[in-house]
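2 protein chains.
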Amino acid sequence: MPKMPATFYTPFTYIVKLSKMSCDWKTAYKKNRVKIVKGLANPDEVAGLLFQSEIFNDEMHETVKVKNEKDFRPFKLLDTSNKELAKGLAPYVLAVEEGDNKTEPKEWPPSVDQEKVMLNDPVIKIKDTKSPLFIHEYGQEYVYTIQSERRGKVFIINNVNFKGPMQDRPASIMDAENLTKLFEELHFTVLRKDDLTSQDMKSFLCEEAKQLDKENCAECAILIIMSHGSGTKVYGVDCLPVELKSLTDCFSSENCKSLHGKPRLVFVQACRSYDKSDVTEKFKQMTTEPHDEMDAEPSKIEVKENKSPKCTFPDHPSADFLIAYATPEGTKAWLHNDVGSWFMNAIVWTFKYHAHEEELHHLLIRVNRLVGKGSTLKKEMTVAEVKSNLRKKFFFFPGIHSKIPTLF
Amino acid sequence: MPKMPATFYTPFTYIVKLSKMSCDWKTAYKKNRVKIVKGLANPDEVAGLLFQSEIFNDEMHETVKVKNEKDFRPFKLLDTSNKELAKGLAPYVLAVEEGDNKTEPKEWPPSVDQEKVMLNDPVIKIKDTKSPLFIHEYGQEYVYTIQSERRGKVFIINNVNFKGPMQDRPASIMDAENLTKLFEELHFTVLRKDDLTSQDMKSFLCEEAKQLDKENCAECAILIIMSHGSGTKVYGVDCLPVELKSLTDCFSSENCKSLHGKPRLVFVQACRSYDKSDVTEKFKQMTTEPHDEMDAEPSKIEVKENKSPKCTFPDHPSADFLIAYATPEGTKAWLHNDVGSWFMNAIVWTFKYHAHEEELHHLLIRVNRLVGKGSTLKKEMTVAEVKSNLRKKFFFFPGIHSKIPTLF
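Residue numbers (the UniProt record's numbering), protein chains in the order written: chain Z, 1 to 408; chain F, 1 to 408.
Since the hints were derived computationally from the structure, they do not count as laboratory data.
Hints may be right or wrong, so weigh each one.
Same chains, same names: a pair is fine if it fits in one copy or spans any two.
[Claimed, not checked] Lysine-lysine pairs mimicking DSSO-like chemistry, simulated, CA-CA at most 27 Å apart:
#: 1; residue 1: 245; residue 2: 125
#: 2; residue 1: 257; residue 2: 378
#: 3; residue 1: 257; residue 2: 373
#: 4; residue 1: 214; residue 2: 163
#: 5; residue 1: 245; residue 2: 379
#: 6; residue 1: 210; residue 2: 153
#: 7; residue 1: 106; residue 2: 163
#: 8; residue 1: 214; residue 2: 262
#: 9; residue 1: 387; residue 2: 373
#: 10; residue 1: 245; residue 2: 387
#: 11; residue 1: 379; residue 2: 262
#: 12; residue 1: 373; residue 2: 262
#: 13; residue 1: 102; residue 2: 202
#: 14; residue 1: 257; residue 2: 387
#: 15; residue 1: 116; residue 2: 214
#: 16; residue 1: 181; residue 2: 116
#: 17; residue 1: 257; residue 2: 379
For reference, chain Z alone in the conformation it holds in the complex (with noise of 0.2 Å):
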């Protein structure tokens, strides 16, 4: 690379000298657009992604942080005609391709090599702190406030091993283990139990409820359910129902008054049909299919008549709750035996890569996305269910602590 004049060193220079490869990039520019618009408002980011893809060596990195202050005009350039530095921009463009294919499965459910690698790579965290852009809405009053050192608890129930008639759902550990270590990684205290029954899940999450509200100190609290189900009910490893609706009373306004307009989260990997012979039909076609399981109960099982709720009227009782369901009401769920449920899988990938940079609903519509190529042998598909009364936006910024930027 010959020596240029100062005011050259710009990333464009580079680039445009290296643009002579050819490739699709205008393929990747068109898919690629609004990320590829953020990401040069933020010229080190561009640098960062260039060095890492090996266009820019160390001393190339280091010079574009110094000088490109001056030179940096990204809104002006995309405006312009100036198809030449246009053109320059490739490498860049397909950088971002290449890093947005590598977060994005190539099937679904993934392959176990695919699934591997994901689950080596960390959390990606903001970088840039200082550019609201880049850190989204934080710390505005339509958003939620997230930005305590611990953000609250993530309370997991993984019901595994069934005594009775339900089969075991021994798939549904690789989902703890992952839903883990990813709610750590943004910043929660995660608090899992295995193989509990329908009595103890109920008692477990009051008391924690409880615990929550004397401590008084979080932002958030979250509930993971991964066991069978039917209709609106969840099942304790004792094969008995519990309404789902009863567990998620244990962190209303009501009975935790601390969460009392904080957000509650609660994902739920269970079946939820209600029609009892369809259950036991494709419970037994199961036998055929030893990848994708369903977590559904036998037809063996007493399913009791729902409660009507009661009609009270606190302050919000349902309000800031968001419920995410692996499946529509009256459908089934799917497990994968080798690298678990479809949706809680892909909140793993998703909440993985794109917690940085996307609202909670939006990173539900990239997990619905997912679950929906899923297909069985049979091709039998589902699709993800948000059911929200979130009254703010919701995002996890993943490496954030620190109060509002006053930028003057």
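Knowing the structure of chain Z, use the given hints to seat chain F on it.
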């Protein structure tokens, strides 16, 4: 204003000179940080806003339009610690704050005067169609395609006059009118039907779904139902119930193949109580509350048992549906005599002022926040609830009809 040399004709020159006023711009800055930074990426918008606020005159506005390209580096500006320049932004910051105050009702439900002002405002259109930051993620594969001259059809069922024991819902006429205007401005064709029986509701929607399928040109279908309701049912004006699911099913991928993979949005203003004795009691109390009525049936109506939905697995029958309810399952929805229902009115307020800048799920967080602010004379409150199976982001893109922008 003294004449200055041409090179100084940037917005900031004027702003610095005009910022002698003493005002709480720091608070306004903190509150509107993200909006301000985004705005600064678009000098024309800044100039436009200052012009609207009468801080700029005609000539100044034109000058800025021509000259600003050269000296405008918003991101650099906000990352610098140049306090003089930062302070100079005060009038812009306050103009943003003022605009924001106007689009945020001071109370909920809003006063009749505030409502009038809102109703006279048009839907805010996207102006800058060149910058990807301003048209969001338009044309990206993870965003639903919404770009035709006509996006699709909106079907409004507005049940007002009931033949039987149910109370009439005259305030719903306002909602129907406001929603018709809103969605026409959002480039939809609106079909409104008043006072349908339970049977007519079903046949109207199924006929229209068939027609839509035949035309095969809709990018999206929207269904709005306003009536009395209980649990999972809504009522015809003959006071007979119909399962909401049997109405939305008309637009399932199975029944309307041309909508497969396309977004189907459902907005429901109706009570969702189960407890009949509770409904009656509250219903009687309503006579002391002339302003907020309840969308529920009196207890005399026979409620049939729910049928279990069948478990079938065509290709994603539930995917790409979003259902937004006025209130959570098991609770009551509210209707204001002077300004319409809390929920539908919140939709009109929110979509009108924010559809140009926010994704649907985020618009509905705003709706939820507004509805949650409402309180009857008896301090009864509720929140809206969203159930989403969408697999992509949904933007209305008001004002945009072109293809994906090709910048180079």
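Each hint tested on the structure:
1. When the C-alpha separation of residue 245 and residue 125 is checked against a cutoff of 27 Å, the pair qualifies neither within a copy, at 34 Å, nor between copies, at 42 Å.
2. With identical chains, the CA atoms of residue 257 and residue 378 are at most 27 Å apart between copies only, with a shortest distance of 22 Å across copies and 47 Å within one.
3. In the homo-oligomer, the alpha carbons of residue 257 and residue 373 lie at most 27 Å apart only across protomers (19 Å), although the nearest pairing inside one protomer, at 40 Å, exceeds that limit.
4. Neither within a single protomer nor between protomers do residue 214 and residue 163 lie at most 27 Å apart by alpha-carbon distance, with minima of 35 Å and 54 Å respectively.
5. In this assembly of identical chains, the alpha carbons of residue 245 and residue 379 lie at most 27 Å apart only when taken from different copies (24 Å versus 32 Å within one copy).
6. In the homo-oligomer, the alpha carbons of residue 210 and residue 153 lie at most 27 Å apart inside one protomer (13 Å), although the nearest pairing across protomers, at 49 Å, exceeds that limit.
7. Taking the closest pair of Cα atoms, residue 106 and residue 163 never come within 27 Å of each other, the shortest separation being 38 Å inside a single copy and 57 Å across copies.
8. Taking the closest pair of Cα atoms, residue 214 and residue 262 come within 27 Å of each other only inside a single copy of the chain (15 Å); across copies the shortest separation is 47 Å, beyond that limit.
9. In this assembly of identical chains, residue 387 and residue 373 lie within 27 Å of each other by CA distance both inside one copy and across copies; the values are 21 Å within and 20 Å between.
10. Taking the shortest alpha-carbon separations for residue 245 and residue 387, both the intra-copy value of 13 Å and the inter-copy value of 16 Å come in at or below 27 Å.
11. Taking CA atoms no more than 27 Å apart as the test, residue 379 paired with residue 262 passes between copies only; the shortest distance there is 21 Å, against 40 Å inside one copy.
12. With identical chains, the CA atoms of residue 373 and residue 262 are at most 27 Å apart between copies only, with a shortest distance of 16 Å across copies and 33 Å within one.
13. Taking the shortest alpha-carbon separations for residue 102 and residue 202, neither the intra-copy value of 40 Å nor the inter-copy value of 47 Å comes in at or below 27 Å.
14. In the homo-oligomer, the alpha carbons of residue 257 and residue 387 lie at most 27 Å apart both inside one protomer (22 Å) and across protomers (26 Å), since each shortest distance falls under that limit.
15. Within a single copy, residue 116 and residue 214 get their C-alpha atoms no closer than 40 Å, and across copies no closer than 47 Å, so neither meets the 27 Å cut-off.
16. For a Cα distance limit of 27 Å, the shortest separation of residue 181 from residue 116 inside one copy, 14 Å, qualifies, whereas the shortest one across copies, 53 Å, does not.
17. For a Cα distance limit of 27 Å, the shortest separation of residue 257 from residue 379 across copies, 19 Å, qualifies, whereas the shortest one inside one copy, 46 Å, does not.
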